[in-house]
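**Student:** Okay, here's what each chain looks like letter by letter:
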Amino acid sequence: MSTPLIWIGIPIAFGLLLLAIPKRRRISASVASLLSLLLAILAFIFPAEHVLILGDQRYEFATSLAWLGRSLTIAKANLTLVGLLFSLNFMWNAFSNRFKTSMYFNSLSLVITALWVAVMALDPFLYSAVLVQLIVMVSVPLLSPRGQAAGPGLLRYLVMQSLAVPFILLSGWMLSGIATAPSVNPLIIRAAMMIMVGFALWLAVFPLHTWVTMLGQESHPWVLSFLMTMRQTTVLVYLLGFFDRYAWLRTMPNIDTMLQILGVVLVALGGLLCAFQSDLRRVFAYIFVAETGYAILALGLRSQGALPFLAMSFVPRALFYWLWGYTLSVHRDQLNQASALFTDLQGFFRSQAPLSMAWVFTLLGVSGLPLMAYFPPKRSLWLLSGSLDLGLTLGLVIGVGGSLLFVMRLLRTLTKNSATEQTPLRVPVMVLVTLALAGLLALAIGFLPQVFLNPMQAILSPFTQLMGLP
Amino acid sequence: MSSFDGLFGGLALAFALINLVRRDWASTVIVLALQYLALFLLIFSFAETSFALIRILVGWMSTLVIYLTLASSGMLKKLEWPPRFSASQGMRLMMGLLVIAVIWALAPNLGREVFPFTPQMVLVTSLGLMVLGILQVGMREEPIYVTVALLTFFSGLGLLYGSIERSTVLEGLFAALDLSLALTGAYLIVKVSDVEDEGEP
Amino acid sequence: MLLAALFALLFLTAAAIVITQASKPNTARAWLIAIIGTGSALVLVLVLRLYLPSQFNLIVWQPQALWQANPFLTLDYHSWPYALAIITVCLAVILTDTTRAYTRTSSVNWAGSITLSAVNLIAIMAGDPLTLAMSWALVDAIKLIYLLALQRGSEIEGGPIQAFGLRLASLTALIAATSAGWQSAPGFTLLAIPPKAAIYLLLAAGLRMGVLPLNLSYLETPEMRRGSSMLLRLLPVASALVLISRLPAGLAELPGILPDLLRVLTVLAAIYSALMWATRINAYEARPFWIVALASFAVFSALNDQAAAARAWGLALILSGALLFLFDPPVRRIRFLPLIGLIGLVGLPYTPLVSGWEGVLGQGLNFSALWMILAHALLVLGYLRYVFEANTPITGIEKHARISFPLGLVLIIETLLVIGLVGWPGSFNFGTPFPALVSLGVVFLGVFATLRLGLTVPFTDLQRRLPAYRLARTLFDQATYILSLRWLRQFLAWLFSVLSGMGRVLTRIVEGPGGILWSLVFIMLLVTVFLTQVRLP
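Protein chains in written order, with my numbering: chain A, 1 to 470; chain B, 1 to 201; chain C, 1 to 537.
Derived from the structure by calculation, the hints contain no laboratory data.
Think of the CB as a built atom: it goes at the ideal place given N, C-alpha and C, for glycine as much as any other residue.
Zero decoy hints are in this set.
Derived, one-sided and incomplete: chain A residues facing chain C with beta-carbon distance under 10 Å:
| no. | residue |
| --- | --- |
| 1 | P207 |
| 2 | L369 |
| 3 | P370 |
| 4 | S380 |
| 5 | V407 |
The following block holds chain A by itself, in its conformation from the complex (with noise of 0.2 Å):
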C-alpha cells in the first residue's frame, strides 16, 4: 500500500464506481461526503514515519509510486494540504444534495480532488500543467449540465484554461538545467514570464479573469465556488512549488516588489470592479481577483515572513466560499429565484432576513472585517505590506473599500421598499441552522486564530527552499 493509492488511487476508484449510479443522488453524496471526510481526517492524523500500528498489525506505507517510469509522491509534508482538499470535498459533498447540481457532482469532485491531490504530487510536477487541463475537461459536465446550451463562459474557460498549458510545460522546460541561481540571463526572465502567464491564465488574474464572470452568471453557484476553491488552493501551492525548486525564480532581481505590486493591483482592481456590479453571481469573480491578490502580495511579502498567513488564509477563505456558494444555491434551488440581479433582489430583506443577511456576512467576512475568520490572516497582510510600504496600503485600502461598496449597494438593494409587495419566502429550518452555525464557525477563527488557523502552516513545511528551513 503507499499513500499515493490511498489518496489519489482510491477516491478516482470511487469516483468512477459511483459515476454508475449517477440518479442515486442520496447514496452518491454520502458516499462521497463519508470517503472525504475519511481521507481528509487519515491525511491529519497520518503518523510521520508512515507506518500505523493497528493492535499487533503493522502496516507500512510507501510515499511513492511508481507509474510510467515517473513517480506519485505524497509524504507526510504533503498531508496537511490533502487533508485541507478533501475537508473541501467533503464541505461541497455533504450538502450537495440539497441543490440542482449535475447528477455527476458527487463522483465527479472526487476525481477532481484526486486530480488536484495527483497535480501536487506528479514527479517531474511540470507535467502536473497536463493534469490540470485534465481537470478542466472533468469539470465540463459539471458546470454545464446536460439539459442546457453550452454558454460562452464555459468555452472561455475550455481555451482559457488550455492556453495555460504550454506556458507552463515549455518554462519549466527551458531551464530545466538551471536548477540553482545562476548569472540572471534573458532567458531566465523569458522563463519567468512564462510562469507568470500560465499562472495568471489558471488563477484568472485581471485582465483574464472573464470566463469567471461569465461562469458565474452561467453555472450553478454550488460548483462554481466548488471548482474554484480548489483550483485556487492547489494552483497557489503549485506556485509555492515553482518558488521553492527555482533558486533562479526567487532570487530574481525585483520578484519580490513586482509580487507585491501585483498583488495589490490585483486586490484594488478586484474591489473596484466588484463596487460596480449588479449581479450577486458576477461578483464571485472579482471576489476571486482580489483574493489570488492577497495570496501574491503574499508571496512577495515572504522576506517580511507572510507566507504562514497564505497558508492560514485558505481556510477562511473556502469558508466564505462555500458560504457565498451555499446561500446562492439556496436562493437558487430552495427559493427558486432565477435572478439574482439588483432589480430582482429590490426588498428582499423583507421576504428572506437570514439569507439577506447571509449575503452581508459572508460579502464582509471575506473582505476581513475585524471578528471574522478572514480578519487575523488579512490584519497581518495589511500591517506587513504597511510596515514596508503606505503605497501598498493605499492600494489595499482601494481593494478593501471597492468591495465595502457592493456590501453598501447589496445593502441598499435589499432593505429598498420595492414596488410590489414583498411575499415572505421561507427556508428550511435546516438552512437556519446552516447558516447560524457556518457564522459562528466564521467568528470562531476570527476569535480564535491559534486553534483554527495556526496548524495549516504545515502545508508550507514541504517548501524547505522558500521557508529556509533546515
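Given the coordinates of chain A, assemble chains B and C onto it according to the supplied hints.
**Tutor:** Just chains B and C, lined up with the frame of chain A:
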C-alpha cells in the same frame, strides 16, 4: 529528417488553415483527420514509430468521437461542392497566412535562442498549429469549432514538446488530454439535443 | 480583576433579565434586576477610580511572534470618565424609562441597553488597535442588526446603511492607521500612539462621529428617539472620543496645507451643526447635530495638539446630551434639572468643560477659534431653547416614576460634578474663563435679541416677526445646502453612474464574441510590459 518534412509540415498547416477558414462540420472533421495523418508523417521523420503511432491513433480516435457524435445527432450535412467563398472566409485565410508567414520569419531566431534541438520545420508546424488553433477559438464560439481548434492547438504543443523531450508519462497525459477534449466536445455538441434527461440535469 | 468583574456583572445582569423574563415574565422584577446590576456596576466603576491605571489581558493569539497581537483592555484617566459616563447614562435610561408605558419589549430593551453599554465599554477601554477594531466591528454589527430589525416594519431608506458604510470606512481608516503606525513602532498600543498613525486615527474617529467629512448619516426616526435607542446613537461615539483624546501631539505640524484644511473642515462642521442644532423643530430632530457639533470641538482640540482637552468636550456630548434627551416627557416643573446640565456645557471655571477650552485655544485666539466660540454659543442657545420649550404638565405619570424619572436626571448631574472634581488629575481647576464668557455674552445677546423682537418659544411666528425673514431664510437654506455636502454626494453618485456605464461597455467588449482575442492582446501586453520592465543587472 527527410526532405518530405516540409511537405508534411506544410500539409498539416494547410489543413489547419482550411479548418480556420471553412464553416462546414463535415469538412472540418475530415480535414482534422487528414491533419493528424500529416502530423504522423512529420513525427515519423524524427521520432520513434511508437511515438508517432500513439499520436495518430489518439488523434483519429478523437476525430472519430466527434464524427460519431455529429452523425448520431443528425448534425452532419452533405458536403457542399463546389465550395463557395465569402469575404469573411477570405479574411480569415489572409489572417491565417499572415500568421504562418510571421512564424516562418521568426522561426530561425526562435529556434536558435529557445528551441535549439527542434528541427525548424517542426518548430514552424507546431507553432503554426498552436497559433491557428488560438485564432480559431478567438473567432468562433460553437462547441465543435472550439473543440477542433483546441485539438489543433494541443497537437501543435504535443509536436513541439515531443521534439524537445520524450516522456512516456507526458505522452500518456497528452493522449488522455486529447481524448478527454474530444469527449468533452462531444458532450457539448450533443447536450442540447439530448432530451432524454431534460429537466433532470 | 475588577475590570473583568465589571464586564461579568453587566453581562450577567443582561442575561438574568432575559432568562427570568423568558421563564416567568415580570417587568417590575426585570427593572429591579437592571437597576441593581447597573447600579452595582456604577459603584464598581467609582471604585476603579482608585486603581488607575488598570489593565486586563484578553485572549492572546499565540505564537506572539507570528501574530504580533496582544489584545488588552485598559482603564486610565482617558477612559475612566467615559466609563463612568456610559454606566451613568445606561442607569439613567433605565430609571427614566419608568415614564413610558411598559411593553413586553421593555425588559428586552433594558437587557439590550446594558449589553450595548458593556460592548461600548470594551471599545472605550481598548488598549490596542486590534481590540479597538474588534470592538468597533461588534458595536457596528449590533447597531446595523438593530436598525435593520426596525426597518422590517417601517420605512427607513438608506440612512442606516449609509451610517454603517461610514463606520466601515472608519474601521478601514483604523487599520490603515495601524499599518502606518507599524512603520515606526511595530505592535504599538493606544497608550503610545506613534505620530505617523495620528492623522489616520483622527480620520477614523472623525468618520465614526460624522465630523470628517461632515456627515449626519440619517435623521432620527420615531423608533430611535428614546431609551436604549438613544444609547445606540450616543454611546458608539464615546470610543471615538477616547481615541481622539489619546492622539499624540504633532497634528498641527503636519506637512502642507493638511492641518489648515482639516481645521477649516472641522470649523465648518461645527458651525453648520451648531446652527442646525439651534434651529430644528425639536431636540430629537436636532440630536445628530448635537453629536457632530460637540465632536467637532473634540477634533478641533486634537488638531490644536491638545488632544487631552477633547475628553472634556466628549463628556459634555454624552452627559449634557443625555440629560437633555432623557428629559422626556419634558416636564415643566423639573426643567431646572436639564438647566443644571449647562454646567457641563458652558465651561466656566471649576467645571469639567473648562479644560476643553484649552483645546480650542491651543493655537491661540485665532480666526478659527472665534468661529468655534460662536458655534459653542449656538449650542448653548439651542440647549436653552429646547429646555425652555418644555411645557408638559406633570400628569399621567405613575407615582414611582415621579421619583425615578428625576432621579435618573440627577444621577447624570452628579456624574458631571464627580468628573469635574476627580475625573482626571487637574480636572478641577480655574482654567481659562475668557472663551466661556465670550460665548455666554453671545448667548445673552441672542436672548436679548429674541426678547427684543418679541419672539417666544416655540418660535412659530418668525416669518411675521423677523425683518427680512425671506432673505435670511433663503441665505440660510443655501448655506445649509452647501455645508451639508449634499452636492458632494450627488456629484459622487453621478461619477459612480458614469464609471459604472463605462464599466458596462468594457465588460460587453471583453465578454463579447471577440473576448478571447482581447485576452490574447492582454497576454501580449503583459509579456511586453514584463520583458521591458525587468532590467538585467
